Amino acid sequence: MAELAEMFELSVRQLHGRCLTCFGLPSSILIRISRLHRAAAKVPRLGNLDLSNLAVATGYFDQSHLTRVSRQLAGEPPTRAFAVASIVRFVQNPQRTAQQRLIQQDHSSVKDRS
Numbered sequence: 001m002a003e004l005a006e007m008f009e010l011s012v013r014q015l016h017g018r019c020l021t022c023f024g025l026p027s028s029i030l031i032r033i034s035r036l037h038r039a040a041a042k043v044p045r046l047g048n049l050d051l052s053n054l055a056v057a058t059g060y061f062d063q064s065h066l067t068r069v070s071r072q073l074a075g076e077p078p079t080r081a082f083a084v085a086s087i088v089r090f091v092q093n094p095q096r097t098a099q100q101r102l103i104q105q106d107h108s109s110v111k112d113r114s
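Read left to right, the sequence shown gives residues 1 to 114 (UniProt numbering).
No lab work stands behind these hints: they were computed from the structure.
On a predicted model such as this, the values are computed, not experimentally measured, just so you know.
Be a bit skeptical, because a hint or two may be false.
Stated by the list, open to error - Cβ pair distances, simulated, as ranges:
id, residue 1, residue 2, range
1, 9, 52, 37 to 47 Å
2, 64, 31, 16 to 26 Å
3, 50, 23, 28 to 38 Å
4, 11, 49, 33 to 43 Å
5, 17, 49, 12 to 22 Å
6, 80, 6, 15 to 25 Å
The beta carbon of each residue, even a glycine, is placed where N, CA and C say it ideally should be.
Could you build all of it, start to finish, from the sequences and the hints given here?
What follows is the structure, encoded as structure tokens:
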């Protein structure tokens, strides 16, 4: 918290107050959410999910710590929460959306010709 506050040239108390004003959440909760997002982003789309290594790599003490935080913030264990996050990332992938537009344009131009 102190490092983050220092980056913005605020006291820890000022940072906490600004987070409450802007996001409606205390800075400590925002940091927990950010850490869980980082963990979800590191999950490979395919393959086995090694929660213990993922937990340690993203700043959790151990797998049970990651699981507890996931249940508190996402309402489900990390395997389910990260599966949903992976789907959302796939749907929101801008490259995929651009590719879909090109494919749709190609299909519509073919229909126009016939």
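Tested hints:
The hinted window of 37 to 47 Å between residue 9 and residue 52 holds, with their beta carbons roughly 38 Å apart. Between residue 64 and residue 31 the beta carbon distance is about 19 Å. The supplied range of 16 to 26 Å therefore holds. Checked against the hint of 28 to 38 Å, the pair residue 50 and residue 23 passes, with Cβ atoms roughly 32 Å apart. The given range of 33 to 43 Å is respected by residue 11 and residue 49, whose C-beta atoms sit roughly 40 Å from each other.
Here the CB-CB span from residue 17 to residue 49 is close to 38 Å, at odds with the stated 12 to 22 Å. As the Cβ distance of residue 80 to residue 6 is approximately 37 Å, the hint placing it in 15 to 25 Å is violated.
Consistency note: the structure conflicts with the earlier hints numbered 5 and 6.
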